[in-house]
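Participant: Listed here are the chains, written in short residue letters.
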Amino acid sequence: MSLPSKNWRLRNQRYRLVGEICEKCGTPIFPPRDVCPECEAPAQTSYVFSGRGEVYSYSTIYHPPAGFEKYAPYTVALVRLEEGPMVTAQLTDVGPEGVYIGMPVEMVTRQMQTDGDEGVIAYGYKFRPRMG
Amino acid sequence: MLVREVAVIGIGQTRVGEHWEKDLRHLALEALQAAMRDVGVERVDALYVGNMLSGELTGQEHIGALVADFAGLRGVEAVKVEAACGSGAAALRLGYVAVAGGLADVVLVVGVEKMTDATGPEATAALAMAADADHEVAHGLTFVALNALLMRRYMYEYGYKKKDFAPFTINAHANGMNNPYAMFHMKVTPEAYARARMIADPINLLDSSPVADGAAAVVLAPADWVRGSGKPVIRIAASAVATDAVALHDRRDPLVLEGAALSAWRAYQQAGIGPEEVDLFELHDAFSIMAALSLEAAGFARRGEGVRLALDGEITLQGRIPIATMGGLKARGHPVGATGVYQVVEVVQQLRGEAGANQVANARVGMAQNIGGSGATVITHILVREA
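Protein chains in written order, with my numbering: chain E, 1 to 132; chain H, 1 to 387.
I should point out that these hints are in silico values taken from the structure, not numbers from a laboratory.
For every residue, glycine included, the Cβ atom is placed at its ideal position computed from N, Cα and C.
Hints are supplied without guarantee of correctness; some may be wrong.
[Said to hold, decoys possible] Ranges of calculated distance between the beta carbons of each label pair, as one might list FRET restraints: (1) T189(H) - V35(E): 45 to 51 Å; (2) V41(H) - V35(E): 54 to 60 Å; (3) C25(E) - R352(H): 49 to 55 Å; (4) P180(H) - T114(E): 45 to 51 Å; (5) T189(H) - G26(E): 50 to 56 Å; (6) R308(H) - N12(E): 30 to 36 Å; (7) K70(E) - D117(H): 39 to 45 Å.
Okay, chain E solo, but in the shape it has when bound (with noise of 0.2 Å):
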């Protein structure tokens, strides 16, 4: 389901992959949770991630759920990102045949799901095969 409010809320996040960092221990966080997981003090300072990464397991779904079946059969990893933090999402611009776990990825805003031929259209991140 994709709400327009929630799209809204979520914009920071979803659009350029700001998370936050924990001021007492100093570890990133994304997405964003506002208690540090690793010491549990209060973090709600932005961080914005450089949207690169490798992925740590990925997966092509020919079964999808309601809602997706026009994109299928489509692809979705672990990206575990450099500063740290895993982000789960879908690989783009490659095919399931060229995903091996290791390969260098990097962050794109892109489509994510439409509402129907009038509803609102979600966009967030995918991951895309690193040049360089």
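Position chain H against the provided structure of chain E, taking the given hints into account.
Facilitator: Showing chain H alone in chain E's frame:
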């Protein structure tokens, strides 16, 4: 802390499958009546209903009161308990707390799920609600895909081949053959496993548990009430819940189910035993990879050796630690919110010596572990047959 010892005094279950003719309330009724008949009680002090998706898939919430009224128990304390696929054991946990704490004497716990009124994509989307909606599901992740990410990484880190996971499926289906309540009565060969249709690479159809309808129920009471009755006393020696991050990407190490390890460790502490004393383990084999990770988390295999344990034949009825003894989630079926109660019903069958052709010899200590999501809520129960 004042705690009374609690026994499971009655069990009941419906066949797992596609029950076109029965809705949620009828399924729950069938299981709870069977459990009450099993022990011969007509009134209970409380009813806990484990269920995940009644609202999403059948348009009905508020099923604590609904089931109580439908079962002729109008007036009784009754609530629904939800913890994704761990809802059934979470309901049992609350029933245990009520009896152990002395706030109720006879408690009925029923796990129920009605899934087959929905289409495949609807059920897939509904199950994904156990994951992080904003950071996993919004990106098109399914529940199968999350497990596929784990399985691929597991194969990469430990050097296993896809076919190495086949023993989990073969064992579950071999055991399901002899369980009249199981959804599937179908032997699986290594060749069939290798040919099975891909769902989310590398997870195929035979790695996955099926969408199904079903209900299971247990009746709890103070153990003192049933001692000396002549019947075997099946005591709940441990009941433990632990949590972990809901999203896989938020785990310290996705290949370690920290919630499952913590839940199992707490259960071992309560029961005063270790994994070597467990005679059978009803684990949460929603996918083959979950069976491997559960064996490791609960201390039956070292890290990366859960699959090795299966390859060595140690998970069969004659092995060192029999799992999925009545078919597990794969062959008995996985009506999600009911599964945790089915697991405990099956442990009780084993400990009573009522498991028929699947009886684990001299079973005295049985463990059941029910997992919500990809490992975020984990409920472990250890049951012991008193001599």
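Participant: Decide, hint by hint, whether the structure agrees.
Facilitator: Hints, verified against the model:
| no. | hint | verdict |
| --- | --- | --- |
| 1 | T189(H) - V35(E): 45 to 51 Å | holds, 50 Å |
| 2 | V41(H) - V35(E): 54 to 60 Å | violated, 46 Å |
| 3 | C25(E) - R352(H): 49 to 55 Å | holds, 52 Å |
| 4 | P180(H) - T114(E): 45 to 51 Å | holds, 47 Å |
| 5 | T189(H) - G26(E): 50 to 56 Å | holds, 54 Å |
| 6 | R308(H) - N12(E): 30 to 36 Å | violated, 45 Å |
| 7 | K70(E) - D117(H): 39 to 45 Å | violated, 24 Å |
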